[in-house]
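Chemist: Spelled out from the first residue to the last, the chains are:
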Amino acid sequence: MSEPTTWTLAESARRVREGAISSLELTDAYLDRIDRLDRAIGAYLTVDADGARAQARAADERRSRGERAPLLGVPVGIKDVLNVSGWPCTCGSRILEGYRAPFDATAVERLRAAGAIPLGILNMDEFAMGSSTENSSRQLTRNPWDLERVPGGSSGGSAAAVAADLCPAALGTDTGGSIRQPAALCGCVGLKPTYGRVSRYGLVAYASSLDQIGPLTKDVRDAALLHDVISGRDPRDSTSLDLPPTSLASGLGRELTGMRLGLPAEYFIDGMDPEVETAVRAAVEQCKALGAEIVPISLPQTRYAIATYYIVATAEASANLARFDGVRYGRRVPGEDPIDMVERTRAAGFGPEVKRRIILGTYVLSSGYYDAYYLRALKVRRWIRAGFDEAFRSCDALLTPTSPSPAFRFGERTGDPLQMYLSDIFTVTVNLAGICGVSLPCGFTKAGLPIGLQVIGPALGEAAILRVAHAYEQSTEWHTRRPNLAVGEGAA
Amino acid sequence: MSWRADIGLEVHVQLRTRSKMFCACPNAFGAEPNTQVCPVCLGYPGALPVINQEAIRLTVRTGLLIDAHINLRSKFDRKNYFYPDQAKNYQISQYDQPLCVGGHLDFSVNGESRRVGITRIHLEEDVAKNIHFDADSGVDFNRAGTPLMEIVTEPDLHAPEDTLAFLQALKQVLQYGGVSDCNLEQGNIRCDINCSVRRADAVNLGTKIEIKNMNTFRGVFRALQAEIPRQIRELERGRAIVQETRRWDDAAGRTESMRGKEDAHDYRYFPEPDLPPIVLSEETITAWRAELPDLPAARRARFVAAFSLPEYDAGVLVSDKEVADYFEETVAAGAPAKAASNWIMTELLARVSESGESIRDLKVAPAGLAALIQLVENRTINGPTAKEVLATMLVEGGDPGEIVSKRGLAQVSDAGALENFIEQVVASHAKSVADYRAGKQPAFEFLIGQVMRLSRGKANPQLVRELLKAKLG
Chain U
987 MSEPTTWTLA
997 ESARRVREGA
1007 ISSLELTDAY
1017 LDRIDRLDRA
1027 IGAYLTVDAD
1037 GARAQARAAD
1047 ERRSRGERAP
1057 LLGVPVGIKD
1067 VLNVSGWPCT
1077 CGSRILEGYR
1087 APFDATAVER
1097 LRAAGAIPLG
1107 ILNMDEFAMG
1117 SSTENSSRQL
1127 TRNPWDLERV
1137 PGGSSGGSAA
1147 AVAADLCPAA
1157 LGTDTGGSIR
1167 QPAALCGCVG
1177 LKPTYGRVSR
1187 YGLVAYASSL
1197 DQIGPLTKDV
1207 RDAALLHDVI
1217 SGRDPRDSTS
1227 LDLPPTSLAS
1237 GLGRELTGMR
1247 LGLPAEYFID
1257 GMDPEVETAV
1267 RAAVEQCKAL
1277 GAEIVPISLP
1287 QTRYAIATYY
1297 IVATAEASAN
1307 LARFDGVRYG
1317 RRVPGEDPID
1327 MVERTRAAGF
1337 GPEVKRRIIL
1347 GTYVLSSGYY
1357 DAYYLRALKV
1367 RRWIRAGFDE
1377 AFRSCDALLT
1387 PTSPSPAFRF
1397 GERTGDPLQM
1407 YLSDIFTVTV
1417 NLAGICGVSL
1427 PCGFTKAGLP
1437 IGLQVIGPAL
1447 GEAAILRVAH
1457 AYEQSTEWHT
1467 RRPNLAVGEG
1477 AA
Chain H
5 MSWRADIGLE
15 VHVQLRTRSK
25 MFCACPNAFG
35 AEPNTQVCPV
45 CLGYPGALPV
55 INQEAIRLTV
65 RTGLLIDAHI
75 NLRSKFDRKN
85 YFYPDQAKNY
95 QISQYDQPLC
105 VGGHLDFSVN
115 GESRRVGITR
125 IHLEEDVAKN
135 IHFDADSGVD
145 FNRAGTPLME
155 IVTEPDLHAP
165 EDTLAFLQAL
175 KQVLQYGGVS
185 DCNLEQGNIR
195 CDINCSVRRA
205 DAVNLGTKIE
215 IKNMNTFRGV
225 FRALQAEIPR
235 QIRELERGRA
245 IVQETRRWDD
255 AAGRTESMRG
265 KEDAHDYRYF
275 PEPDLPPIVL
285 SEETITAWRA
295 ELPDLPAARR
305 ARFVAAFSLP
315 EYDAGVLVSD
325 KEVADYFEET
335 VAAGAPAKAA
345 SNWIMTELLA
355 RVSESGESIR
365 DLKVAPAGLA
375 ALIQLVENRT
385 INGPTAKEVL
395 ATMLVEGGDP
405 GEIVSKRGLA
415 QVSDAGALEN
425 FIEQVVASHA
435 KSVADYRAGK
445 QPAFEFLIGQ
455 VMRLSRGKAN
465 PQLVRELLKA
475 KLG
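Just so you know, the protein sequences line up as chains U and H, in that order.
Under my numbering, the first residue of the first sequence carries the number 987, and numbering increases by one thereafter.
Under my numbering, the first residue of the second sequence carries the number 5, and numbering increases by one thereafter.
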């Protein structure tokens, strides 16, 4: 039997179900590996070893009684932005120090209902603002493929944990690329579902009209499986869509005959890493070989996406983060009067990037600037959506790079916020349009860093993009590669 | 030189819903602090609002009652400002697409009929309550997130009297519509006043002063009584009115400056991304329109037509919905309408205005009052005894029939017993008898009084009158 921590989510669930391994043994294997390796990676902020073991025993008990559930007894990692009842939930921020979640996020509740075991809390950029996880106030998370490089962000802990086999799968959140970009940089699969597919109840909001919860996994089938479990209408989130349950995992095939895949010219830009471009273009050829028709298209709106994103997202963030004032929960810095207390609390509690975005968002909503910035951004946003609608009249899905470059070094972009913002240039459009996208490995640089291919689909087009992603993935071996983590690792 | 005041109001009304605006917590007054709260109304990270549909219905109903245009598509917005009584440091409100626009309310002041234009009605969530102790402050979030409807009027009011009459008329409509309990002690209605003054012949409105957070009608009246002359004095001294927000100091009897225009908040409104737009169909509006209750004017006309009540009686009864309901229930329980009206207007309303209670708080229910009236109608008791019985009922409650029999208050209509009383009175008041026979009518009334006294008030006055007349020839 292979090392259990190398198994996919589906494989883990199957082996537990068949009794090849107990949930407790599987959970212990992960706890043991985290113990040995995570000091070097820094993916987890908290590991709930006792809670996970107790739930594993309960899962084994349920199995012995003949109970079935899709993920019974399988541990899953959770991004620090999701409420898990009784756990800390800090969003990578000092301002939520000491806060414990009073309820389960709906996605977490659905994981539990499917039998999964929340294993621990994964690091992230503070309030999901960032592309390298360097904005976490808590700790650094390292890319398992090169410990001197970032894992991407903001779901950097989730991507690093999956890539380093510290959990079979994890939940992340994606507001402008925060699932797909770290998935690309860490060589795993990351799915950003259509806006409204997954309830946001219990997700601490960064930008409410863009945020979406999604899976980070070792392969495409696992992403489909996890999507099926966490998606669906939730009366507690008025923006969640009322749709029948999906069964994406059962609709995956191996060929692409009859599919039309668009190749938007604007996603292959000057200055992008040549190794990324080469790998993505090779992946396009591979899709063609699998039977797809490749359609060159143009999305001229793309050049306005970053500006639009940083207006819409920061405007919403400036209101969403107003509640962190020290009055009711979290960290409080005493002051001379209530207003002084709030000011001191926020000054001490938020990091520089969060402050930068709050100030930017406050500015674009201010009287006299609202029309020029916020209102105009909403117009561009509708135009971006219209551009995709147009593209999807002739294409089933689009192929693009996920990120213009592979994982970069710590500190390389922290001095230049604009440079950092450009990390999301290929991913933000999907959030602005409210559509879906998935990133999956499509090669490695000479230095051994993973490269991500993004497949973009229309609203509710998850079945199409996962079909493309799965057929491509199964015709390559990229997803089977593992980083060489010699640190503390025995001769397995 | 004469001056003219222009007054507009922003009236905040707490709606009568079972739960809060965006969560399932109860919308109720008076519980222990911070016991009616949840992650949503406490603004916990990750909690999301869900629209209370009943609050939408009540707001639209108010719009229909004042002939407003109902927007079939409206939305919620975030109003951003920091204050510890706000859980999220933004308030979910409606900015540029309120549920209702336009409309008007008719009312009368000193017998003169008046109309005030309504600008808009929108829905928002109420804030928490800050409570100040000796050394520090606390926040009670029970009220946070309860539904609050804001009615904005045109500056069509011109005097404190107008404004008070308008507020009373508005309160009637809201009570009739079942929209709000309109309990002022519980802060169900609060308002901000916009007030300016100009020369009587000026075309444009003067500079506006806002007076915030008025929570009694009397306060509004007094604040205007103080503020209008203050503005006139300023203008007469040649000083310009500077736009600002003021507060009413009830103890001092004057308004004082709170903040100037330059300190006004920039609320940075933007569409609430957590809530989809509110979309209403024509069918829904039609159905809601069909459910509208009688308004006071219509009900008054019905009382006159159906119960043959004098206009005056009908007007008094309908001025408070609860009183009008109470009257109709008393009649339904078998009391003649005019008698019911008399008892309610004289005895019960006097009691209510003394104690400040609602008529519903009295220990006498409509059925009890109807039973009491029945006892008078069938001559079991006379009028003065009935008042005595009512006084007992008001204190102790109980059934009037039982009170009468337990205390032996039933009227004496037995001719033998009455003649006995009459003989004693005639024997002991020879002078009055002589006076009566000499044609002095007051002497007769005096003699009747004496008979009633001897019977301890229980004698049937009609019968005493007949028997005494016969006796004295």
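No wet-lab data here; the hints were simulated from the structure.
Wrong hints could be hidden among the right ones.
With a cut-off of at most 30 angstroms between alpha-carbon atoms, the simulated DSS-like pairs for lysine-lysine come out as follows [said to hold, decoys possible]:
{"hint": "1", "chain 1": "H", "residue 1": "LYS444", "chain 2": "H", "residue 2": "LYS410"}
{"hint": "2", "chain 1": "H", "residue 1": "LYS475", "chain 2": "H", "residue 2": "LYS367"}
{"hint": "3", "chain 1": "H", "residue 1": "LYS79", "chain 2": "H", "residue 2": "LYS212"}
{"hint": "4", "chain 1": "U", "residue 1": "LYS1341", "chain 2": "H", "residue 2": "LYS265"}
{"hint": "5", "chain 1": "U", "residue 1": "LYS1365", "chain 2": "H", "residue 2": "LYS79"}
{"hint": "6", "chain 1": "H", "residue 1": "LYS462", "chain 2": "H", "residue 2": "LYS473"}
Chemist: Please go over all the hints and tell whether each is borne out by the structure.
Modeler: Comparing the hints with the structure gives:
1. In summary, the hint linking LYS444/H to LYS410/H is not supported, as the alpha carbons are separated by about 40 angstroms, beyond the 30 angstroms threshold.
2. In summary, the hint linking LYS475/H to LYS367/H is not supported, as the alpha carbons are separated by about 44 angstroms, beyond the 30 angstroms threshold.
3. For the hint pairing LYS79/H with LYS212/H, the CA-to-CA distance comes to about 29 angstroms; that is within 30 angstroms, so the pair holds.
4. A C-alpha spacing of about 28 angstroms is found between LYS1341/U and LYS265/H, which places the hinted pair at or below 30 angstroms, so the restraint holds.
5. Between LYS1365/U and LYS79/H the CA atoms are separated by roughly 18 angstroms; this keeps the pair inside 30 angstroms, and the hint holds.
6. Taking the CA atoms of LYS462/H and LYS473/H, the gap is about 19 angstroms. The hint holds against a cut of 30 angstroms.
Against the hints set out earlier in the document, violations occur for numbers 1 and 2.
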